Amino acid sequence: MKLLITVIIYALFITYLLGAVLFFIGNKSGKKQALLTASLLVKIGLVLNIAALIVRTMIAGRLPLANSGEFTLWFTVVTVALYLYYEAKAKMREAGGAVMLISALLVGSILVLMKGQLGEATPLMPALKSPWLTIHVLTAAVAYACFALAAGLAIMQLAKAETKITDGTVHRIVAGGFVMLSLTIVFGAVWAEQAWGSYWSWDPKETWALITWIIYALYLHLHRRLGWKGKTASKMVIAGFVLVLFTFFGVNYLLSGLHSYA
Amino acid sequence: MEILKKVYRYLSSMKTGLVLLVLVGAAAALGSAFLPDVFFNTWLFKLLLIILSVNMVLCTANRFILFKSRLIKNSNRWLREIGSMLLHAGIVFILAGLLVHAFYGQNAQIAIRTGDTVDVSQIITMKEPFSLHLDDFKVEFNEDGSPSQFNSYVTVLENGVTKDDAVISVNHPLNYRGVKFYQQSYGYLIKAKYTNDTGSEVEELIKEGNFINPEGTGRTVKVFRYIPNFDPNHGMATKTLRPDNPRIIFSVYENEQLLGVGAAQFDERVKIDENVYVVFAGVEPYTILKAKSDPGLPLALFGGGMFVIGVTIALLAAPSQGKKIEGSFN
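Chains as they are written, first to last, in this note's numbering: chain A, 1 to 262; chain B, 1001 to 1330.
It is worth saying that the hints were derived from the structure and are not from the lab. All values derive from a computational prediction rather than experimental measurement. Incorrect hints may have been included.
Lysine to aspartate or glutamate pairs mimicking EDC-like chemistry, simulated, CA-CA at most 16 Å apart [stated by the list, open to error]:
#1 A:Lys205 <-> B:Glu1140
#2 B:Lys1180 <-> B:Glu1128
#3 A:Lys129 <-> B:Glu1140
Estimated spans, in silico, between C-beta atoms of each pair [to be verified]:
#4 A:Met58 <-> B:Asp1273: 53 to 61 Å
#5 B:Asn1275 <-> A:Gly116: 49 to 57 Å
#6 A:Ile25 <-> B:Leu1316: 31 to 39 Å
#7 B:Gly1115 <-> A:Ala51: 52 to 60 Å
#8 B:Ala1026 <-> A:Ile50: 38 to 46 Å
#9 A:Thr6 <-> B:Thr1117: 52 to 60 Å
#10 B:Arg1077 <-> A:Thr6: 46 to 54 Å
#11 B:Arg1269 <-> A:Ala51: 58 to 66 Å
The beta carbon of each residue, even a glycine, is placed where N, CA and C say it ideally should be.
Bound-form chain B, shown alone (with noise of 0.2 Å):
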């Protein structure tokens, strides 16, 4: 029992909670500089929050219960008290949101091409199934050619019935029973027309950086990037997003030897060999959206909004202690 308490005081010691914010602090610092990807997901990074988490707990579960005894002794400052209490009670349930968002949460990311309809139960667990159907992708610009904002129109459908239709875009995420998705990635399928090996002459969506076989030669095309505004001085970059001058960039090989490098218009007949000639047609955008359920985002928000309000009265609102100096001109 005496170790118990002894362990005890020890976790629910102030000094003990200065301790572990250092460590977190040095910790994270460490982190940032080197392998932040895998260092804040490492077990001893979580355990590290955990103990802070369970030492925070139990240092604001004492004062709670000091706070009465306190109050009679320092009747001005129960404001300070209560927004400390606030703000330390706050963190808990902040860390305690990204608790349930580690073991609960779920994230994915999902690529629609326009026109296509993906069933969102087989990314995110969920009750009741909905699908996601991508009617347009836009890239709006500004004057400069910059982009000033990605737009994806989608159609939520259940069972095959629509229920709802939406705008994501960045800043502007879809919440659709608990699950939210944002606008994060977009890219394109560059469409190419040839004859293929088996003779016929068909028009195929082409990822970035795919081969294509025509039928006739010994070559090979490699549909390397689409470049909306291509400029020679900015070489394999685009100038601008915006399509001003678009271009397919393409490479053309024989027995693994690169033949050529060229940037064909759209629509250009493109010879790769004798009587042998691809056509790129255009391009077919694509959106990249971040598919987000996470049950700890409230608990998160509540926090958040216990610990501003914390720390706002125990900082500013209540009264200072102390004997002011002053300073004079003279």
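Only chain A is shown next, with the shape it has when bound in the complex (with noise of 0.2 Å):
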């Protein structure tokens, strides 16, 4: 089970690699067969990355919601199978290869940072024997994979000058992503308010869940209100992902408190 793991880790990473490159062959070259093998590839990936998650589950012997390795594999599926839900409604594959980098580069830092996180059973700790923890764990992940997917299509509409991803499109899937961190951030007080007895306690994960939360509030409302949009409003979603990749590694790496789980 553990050499399993391992091999659909790293079968995973490669599958979503070689998908980036592709899109970004194809996309250059225009070449259709290149795009075609990419979307396939990603929705390998799809099915690599689920079966990984069932895989955990049989090794924990509960649903993998705890540390961060597990955490990553509904990072990823989540932003993979919004990647696929997007691009057979938009009918384009610009964004695929920022997407699909994004994904390898996540499933990537389990093999680095996140080792041995996956091939052993480890059973919860009280403060996490909650159902709360389904809840909370979840609409993060559809959270961030919705600010990801947000990102993706951003870095495109910098990185080219004619592009057909439209700022309302952006808009719409980081308005999504916005809901699901509330959620987060409200499930996530109310079970504190359970477990540590306290519903805000400034730990660095809350604190820098409410910084992402603020810059994607101020997105909202520029966008909204005050009607900014092209290159500033890509550059803020980016910004926004760069602070959710920094909540989610930074917090765990460099700043230690009540969220320290792995």
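Using the hints, build the complex out of the two chains.
Following this line, the structure appears as structure tokens:
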């Protein structure tokens, strides 16, 4: 089982990375075959990602919602699923390279930073034994995934002089992510009140989730009410995602607090 | 009057609100990196949050007043408008709840030894006083020796009369008359048997890190730490919390000079000096509960609910604006 999950994670990393490369080549050269193969790789990756979650569930003997390796698998599975939905709906493969590169790097971070987390059976610590765990972690995964997809689109908006990706689409995805992040924070606060006796303790994870929430709140206000669009808006969406990554990695590895689980 | 109007307009504007949000975000980032325990309690930071609340109250009030006229102009946007007002008002309620907590909230740590009773009204101000008696404290373990739950079995007493029995564990606080009790931590007192300086055989409960002075020697013993699962490879840290190989780490001093360090088993006769022995007979657990009274909690919870419903309606349920541009695979 331990070997199996290692093999799956490596295969997943290679699949996502190869998909990203083919998307970049296909979009640059306009070769349709490359793009079609890339899309196929994304689908294979999604299946592998789901397989990784299933195998991890079997190893852990519980739903994989606790440590950062487990969370990363949810993060990428939702990102890729959302991307496929977007691709089918918008009938565009422009953003595939950026989104798949982000996903590949996330899976790569498991191999570099979270080695060994997924192979061992680790029981839940008492603080995590709550129905809120599932809700809190899954809403966070969906929020982060929306922001990853939005950032992928925004990167392509900035990188290309002409693009069919609209500010409206990016805005809608950010808005979805913002709702999920709001739910994550509120449900997390309700849970923290039960588990730690305080719904807000300025724990580093809480603080940085709030900072992330603030930057997207600014974006939504500026976009909706003051009509900020174009390059500035794209840059804000990318900056927001940098904050998401810091809230996830930076806080786990640089600042210690109540959220230190792995 | 002109100045007042200007101040009001400035305080109630959305732009000011956004600037305040940026300031809160920047301050929080700095605070989390440097001295988070001090920073978020400073008046400057709290003042920033209060000004933000005032701005949001005014901003939301303005929108409520404008709501009717906007409704006529933009008939398809009414749902979004309601969602937006709900979410902003929700945040104001949350901030108000925090403010009430800052002024009227009470937090305390209570350590109770098995069999002891603590008068909670001595710690948290309340109208109808009650006491908490700890019947037992138990740690449950997983197969690998890691803790799976910490349980405090308590009895609530009013004027000596039993009112309630409860188990307080992590994620399962006890709520009694508005005071909430959380399982926060625990510890052990070490049972030491020795002959004390008055010549009588005693059994004492010693706090980790404290000293004992047995009779018949100038040496003192520091009862350093209880290690539930001792393993030399883990040094002074326990291998797991499960008491698979319990030891008491102690050190012996003479004239403030360290003579040696040892790891004693329970009931082992530990020689301190010629004819002087100490026996560590076991440990007695105590629980550490967090006691909290927060009159602002219902306000914050109400605000949280309002915020969640508002943000969902405003951003998801409302009709989207703008034209959709689609690409094509050809």
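Does the structure break any of the earlier hints, and which numbers would those be? 1
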